[in-house]
Amino acid sequence: MTDRLNGTHYRALVRLSTRANVTLAEPGETCARVPVESLPMLLASGKIAPATADAAPRDGKEF
Amino acid sequence: MALFGSSQFGVFLVDGYSLLSAKLQGFSHEVEVELQPSEGLGDLWRATLPTGMRKATITQDGAFFDTTTSGVHDAMKAAPSTVRLVAWAVAGNLIGALFTACQGAFSVKYGVLSVSAKLTKANVAYQVTGQLDEGVILQSATPKTVDWNTKTDGASVDYTVDPTQTVIPITSATKANPCVVTTTVPHGLTTGQKVLPSGNTLAGPSINSDLAVTVLSTTTFSVAVNTTASTGAGTGGSLVRSSTVAGGVGYQFVSAFSGFTGFIGKIRSSPDDITYADLITFTNVTTAPAAERLTVAGTIDRYLAFNGDVTGAGSITPFVGFKRT
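Chains as they are written, first to last, in the working numbering: chain A, 1 to 63; chain B, 1001 to 1325.
The hints are simulated quantities; they were obtained by calculation from the structure and are not laboratory data.
Watch out, some of these pointers could steer you wrong.
To be verified - Label-pair restraints from in silico Cβ distances:
#: 1; chain 1: B; residue 1: Gln1036; chain 2: A; residue 2: Val36; range: 55 to 63 Å
#: 2; chain 1: B; residue 1: Gly1204; chain 2: A; residue 2: Arg33; range: 34 to 42 Å
#: 3; chain 1: B; residue 1: Gln1036; chain 2: A; residue 2: Arg33; range: 57 to 65 Å
#: 4; chain 1: A; residue 1: Pro35; chain 2: B; residue 2: Phe1004; range: 49 to 57 Å
As the list claims (entries may be wrong) - Sample of chain B residues lacking proximity to chain A, with all beta carbon distances greater than 12 Å (derived):
#: 5; residue: Ala1002
#: 6; residue: Gly1092
#: 7; residue: Thr1152
As the list claims (entries may be wrong) - In silico contact screen, one side only, chain B against chain A (beta carbon under 10 Å); selected entries:
#: 8; residue: Lys1144
#: 9; residue: Ala1212
#: 10; residue: Ala1246
#: 11; residue: Pro1271
#: 12; residue: Thr1275
#: 13; residue: Asp1278
#: 14; residue: Leu1279
#: 15; residue: Thr1299
Yeah, the Cβ is synthetic: ideal placement off N, Cα and C, and Gly gets one too.
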């Protein structure tokens, strides 16, 4: 479960940044630097996608 | 109910020209529904049916006729057939306040009025082509001299406190997994959209937080919260939307620009106010007046912020607004 929280399993579909506009991920890059707590909401709103089929959400409970 | 006075009329921009400096005496925008006669043989009374079309017009009255650069004549001397981007704000030049803009407007009538013993004035009538967009201001018309970020400046916009939001009363929330919420009136939500309930009595756990919905009917939806440990069903409270799913449109106007060699404005959005995603990046601006309207599709998250990146040294006066579709 913990491993699946890893942002490296997701890639950014748009540029992601901090509140201060520091880049966390450019489009296509993995989300390794994206705060873990942001991943579910970013996934739900279509800003990130699973990098591999294995990282795809299952029943919405992977987080 | 909020009322607004003439002193709160904060912004009137036409293609980046700020025309408030011309001391307008009046402004109006009207929206008409077009009707078609529908009576026929045997009918005694005139009848009409809506065609489904709407038409918007804008008029400005009593501005001082001014031939200086960026004055009203400079803005209006172009051919009347010029399509313009127009924006105005009757509720103040404040981040988070309402603004209205139009997709395009023809300045169909430009009249100069000279009266004995009075300053000459200029009136303009616009015919809008396309729709009116009513949204919120993300960057007020304020001079800037360095890069800025409305989020770190403490002025990002939270959709849950948007003055245009409709507050939907909650009738009940079930003790179940998933929890099913019933609203008193049709909720108008779409599956995947997020809501922020408040004041509902359900506990163990509460549903009073940012949640995505799965629509079940016009007045019911479920949220991925297991409330089976609750002592009973929840009642009362209300909700507002915390995201929208049908895209939006951003407007950027630059009414003053000096010294800098470039300016790039960017609207960012965030579902949690922690991580932001680029939403709209406007074209690099190198002169004023300038105006641009850009659309974006998909989910628009709860928080919106504007980022301004300038190149060189100088001063700029931008105005930015966003309307959720």
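Taking the hints in turn, this is what the structure says about them:
1. Evaluation of the 55 to 63 Å hint for B/Gln1036 and A/Val36 yields a pass: the beta carbon distance comes to about 58 Å.
2. Between B/Gly1204 and A/Arg33 the beta carbon distance is about 36 Å. The supplied range of 34 to 42 Å therefore holds.
3. Checking the proposed 57 to 65 Å range against B/Gln1036 and A/Arg33 shows it holds: the Cβ atoms sit about 59 Å from each other.
4. A hinted range of 49 to 57 Å for the beta carbons of A/Pro35 and B/Phe1004 is inconsistent with their spacing of about 40 Å.
5. Annotated as non-interface, B/Ala1002 keeps its C-beta farther than 12 Å from every C-beta of chain A; the closest such distance is 29 Å.
6. Annotated as non-interface, B/Gly1092 keeps its C-beta farther than 12 Å from every C-beta of chain A; the closest such distance is 25 Å.
7. Residue placement check: B/Thr1152 does not keep its beta carbon more than 12 Å from all beta carbons of chain A (closest about 5 Å).
8. A cut of 10 Å between beta carbons decides the hint on B/Lys1144: the least distance to chain A is about 15 Å, and the hint is violated.
9. For the restraint placing B/Ala1212 at the interface with chain A, the shortest Cβ-Cβ distance is roughly 6 Å, inside the 10 Å limit, so the hint holds.
10. The interface hint given for B/Ala1246 is broken, as the beta carbon of that residue sits about 13 Å from the closest beta carbon of chain A, more than 10 Å.
11. The closest approach between the C-beta of B/Pro1271 and any C-beta of chain A is roughly 4 Å, which is under the 10 Å cut-off, so the hint is satisfied.
12. The beta carbon of B/Thr1275 is positioned within 10 Å of a beta carbon in chain A (closest approach about 4 Å), and the interface hint is therefore held.
13. Nearest Cβ of chain A to the Cβ of B/Asp1278: about 4 Å, under the 10 Å cut. The hint holds.
14. For B/Leu1279, the interface hint holds, the least distance from its beta-carbon to any beta-carbon of chain A being 8 Å, beneath 10 Å.
15. Given hint, B/Thr1299 at the interface with chain A, holds; its Cβ is 4 Å from that chain's nearest Cβ, closer than 10 Å.
Checked against the numbered hints given earlier, the structure breaks hints 4, 7, 8 and 10 and satisfies all the rest.
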